[in-house]
Amino acid sequence: MAEGLQEVAPTTGAEQFQAGLWRQNPILVQALGMCPVLAVSNTAVNALTMGLATASVLLASALVISSLRRIIPAQVRLASFVLVIATFVTVTDMLIEAIAIDVHRALGAFIPLIVANCLILGRMEAHASRRPPGAAALDALGMGGGFVLCLLTLGSVRELLGNGSLFGMTVMPAAFEPWVVMLLPGGGFFALAGLVLLGRWLSGTPARKGAGP
Amino acid sequence: MTLRAPLTIEPAPHVHAGTSVAWIMLHVVIALIPACVFAVYLFGLAALLTLLVATLSCLAAERLLQRGSAFTLADGSALVTGLIYGLTLPPALPLWMVAMGGFVAMAIGKTLFGGLGSNAFNPALVGRVFLQAAFPAAMTGAWLTPLAAERFVTLPEATLTGPFLAPASGSYDALTGPTPLGDWKFAGGETSTFDLALGFTSGSLGETSALLLLLGGLYLVWVKAANWRIPAAILLTVAICASLLHGIDPQRYPSASFMLLSGGLMLGAWFMATDPVASPLSAAGCWIYGLVIGLLVVLIRLCSGQPEGVMYAILLGNALSPHIDRWTQPRAYGAAGGGS
Amino acid sequence: MTVLAGARTSSEFRVYTVLVGIALVAGLGIAAVHELTRPHVAAQRLILLSRAVFDVLPAAADYYALRERPDGTFEVLPDSTDTGLFLGVDAAGDPVGIAITATGMGYQDRIALIYGLNPERRHLLGLRVLESRETPGLGARIVDDPRFLAAFEALELQFDDRGHVRALQIAANARPDAGEIDGITGATVSVRAVARIVSSSLERWLPAFDGAYPELREGGHG
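Chains as they are written, first to last, in this note's numbering: chain A, 35 to 247; chain B, 76 to 415; chain C, 95 to 316.
For the record, the hints were derived by calculation from the structure and aren't laboratory data.
Ideal Cβ positions, reconstructed from N, Cα and C, are used throughout, including at glycine.
Treat the hints with care, since some could be wrong.
[To be verified] Counterexamples of contact, computed for chain C against chain B with all Cβ distances above 10 Å:
(1) 122
(2) 137
(3) 179
(4) 229
(5) 232
(6) 257
[As the list claims (entries may be wrong)] Chain A regions said to be covered by chain C (calculated; three or more residues, Cβ under 8 Å):
(7) 59 to 68
(8) 101 to 110
(9) 132 to 143
(10) 167 to 180
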């Protein structure tokens with residue numbers, strides 16, 4: 035979606051923060067960074083780790099790039115952004131492996147692939163490189179927070195229905211029949227569609243009429 | 076689009092003058108009755124309840140989801156979807172799963188795509204494929220022994236488990252032996268052609284009697300409620316491929332009669348692949364569509380980890396059918412201004 | 095683009111300086127974090143591995159990595175390098191079995207597993223799946239189905255007349271004392287894959303150990 039890049043710059047700090055959480059939520063509204071959202075939201079732990087990793091990279095990169103915004107030449111800004119982002123992704127990857135190797139194995143290639151997450155590069159280009167560090171950090175926190183919340187919701191719902199558990203602890207009654215499909219890729223699409231539907235419904239966005247062939 | 080006479084696209088039956096959706100659906104129901112009755116005779120009360128719940132859940136979902144739209148229950152399409160969907164299920168499936176799949180069939184398979192006439196996939200198969208992915212253990216285990224003595228007085232334990240719960244014993248497969256395809260795939264056994272044709276085997280409700288389904292299918296073709304080219308193309312493709320492979324290595328590949336009569340091929344070829352909305356329009360398109368489905372059936376059955384592939388083959392065929400339509404549509408050259 | 099370094103084009107020299115500068119700092123940072131985390135990562139990997147080795151060699155109190163020399167004999171490595179081959183010893187330092195890792199194709203992707211073999215190499219002591227991407231709810235049950243895993247805890251290997259090991263068989267109501275394992279409904283392909291991987295790994299390693307094992311007994315230092 036292109037709307038994400040044409041937003042009107044919010045005025046107050048609180049608005050800046052809230053935009054990412056809800057009005058410009060990266061998953062529900064902008065539909066950015068969908069690949070990890072669908073691929074690793076099969077359990078709450080995986081989703082939370084992935085969300086936090088992405089949000090930390092976003093925040094750290096936003097701070098650095100915002101501080102360097104007067105130094106980075108315009109011709110090589112994208113290369114510089116990617117360099118900074120890749121550094122933080124590599125660091126995050128190593129930290130996760132050192133802290134929780136089980137989760138690191140489950141997430142596989144998706145942590146390194148945060149480099150390619152269009153959400154992060156998009157925020158750098160549209161916001162962090164044009165604002166002072168404070169505003170850039172607020173924006174990154176809002177976007178990252180919105181990303182984590184959505185991912186965690188998806189992961190929790192999928193783990194609850196697909197495995198009857200939450201963060202690895204069984205919460206459903208023993209006789210509960212798990213919906214295996216929720217752990218499979220298809221379940222990711224179902225859950226995401228449900229979440230977007232719910233988001234649209236809550237924010238009162240009218241459904242498109244007459245969009246059929 | 077303007078087409079000249081020699082370039083006429085053969086339309087699907089549902090837009091023939093003088094027929095209506097309800098008319099076609101009535102004939103499909105008539106054609107399905109023998110197979111339904113036989114399923115109840117074979118598996119007893121459990122089969123009756125499964126068919127009933129499948130049909131009622133589809134009707135209820137249609138009523139609920141199509142409020143305020145032009146479509147009503149009266150066109151019978153929900154009834155047909157419900158019956159076909161019921162026939163694809165294993166007989167001892169918990170009834171709450173049956174109802175859930177029926178709802179998914181109508182909600183995701185039909186309403187989301189815009190209702191009758193717009194569904195890209197056969198709704199009954201969408202319901203079944205959802206259950207297959209959601210509850211694989213139940214869908215691959217809830218078989219019943221055919222003609223069990225107690226089948227009209229007792230129900231299998233799994234049938235009446237509470238909503239969202241597993242059966243108390245935790246297992247679905249306590250009761251029975253494998254289906255003919257499962258037996259062939261995992262144990263190397265080949266059920267006799269005679270049993271397969273008459274249908275005294277284990278399997279889904281509509282996977283058993285090949286002859287009765289053939290009869291129903293021929294009736295559909297006779298009253299022109301289904302395009303004969305589609306089942307013909309599917310069955311011919313499967314028969315030819317299976318004969319060739321069986322001729323090359325009879326130890327490894329089953330005979331053509333086994334391939335044709337086992338599993339859901341008859342039900343799929345005559346009743347599901349022929350869904351007038353999700354199949355191609357032109358005659359050539361129907362042949363290509365049937366060929367693709369037939370090849371996929373052979374490929375999935377013989378080369379994959381799954382014993383049966385008719386369901387996936389038809390859904391993939393459905394997905395291809397708009398493209399097949401585009402390829403086979405005669406170009407309207409010269410309709411506006413000449414060839415040069 | 096108006097904010098970044100103004101609208102004017104920067105000199106080539108500046109472009110290079112900035113890029114190289116960022117890259118240098120980034121490289122230094124990564125190297126520093128790598129040095130910091132390396133011991134933790136190694137420790138974590140070791141924990142995962144030793145958990146699996148002790149699972150498949152329940153009697154072991156300690157284990158050593160083994161490496162096959164080009165001449166077919168085995169050397170016992172002083173540390174626990176992951177050679178995929180481990181000699182388990184009890185508290186007295188006597189061998190209680192060998193843990194062997196093996197990989198092969200499953201239904202979806204590669205399956206990596208580890209199994210324990212008793213010192214006489216006549217039966218298995220246990221099996222754990224290390225890595226798999228089998229279908230959740232179906233094939234993935236090879237990872238945690240207790241009945242399936244229990245079958246490997248006392249699985250008698252079968253040998254033909256010439257002393258070659260026979261492939262593991264899958265059977266209903268399997269008899270572990272006859273080299274048979276139980277299938278899992280819905281996981282037929284994955285169970286077969288496990289049986290195949292273990293069988294071919296046995297074919298590979300049993301003859302190699304037949305000549306070399308006695309000296310390992312001496313080699314097991316306490």
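Each hint, compared with the structure:
Taking the minimum C-beta to C-beta distance to chain B, about 48 Å, the non-interface status of residue 122 of chain C holds against the 10 Å cut. Against the 10 Å criterion, residue 137 of chain C stays outside the reach of chain B, whose nearest CB is about 38 Å from its own CB. Listed as outside the interface, residue 179 of chain C is consistent with that label: its C-beta sits roughly 31 Å from the nearest C-beta of chain B, beyond the 10 Å cut-off. A beta-carbon of chain B is positioned within 10 Å of the beta-carbon of residue 229 of chain C; the least distance is around 7 Å.
For residue 232 of chain C, the non-interface assignment is contradicted: its Cβ lies about 5 Å from the closest Cβ of chain B, within the 10 Å cut-off. For residue 257 of chain C, the non-interface assignment is confirmed: its Cβ lies about 29 Å from the closest Cβ of chain B, beyond the 10 Å cut-off. Using a Cβ-Cβ cut-off of 8 Å, 0 residues of the region 59 to 68 of chain A lie near chain C, which falls short of the minimum of three, so the contact claim is violated. With 9 residues bearing a CB less than 8 Å from a CB of chain C, the region 101 to 110 of chain A meets the requirement of three and the coverage assertion stands.
Counting residues of the region 132 to 143 of chain A whose beta-carbon sits less than 8 Å from any beta-carbon of chain C gives 5, enough to reach three: the coverage restraint holds. By the rule of at least three residues with a Cβ nearer than 8 Å to a Cβ of chain C, the coverage given for the region 167 to 180 of chain A is violated, with 0 such residues.
Hint compliance for this structure: hints 4, 5, 7 and 10 are broken, all remaining hints hold.
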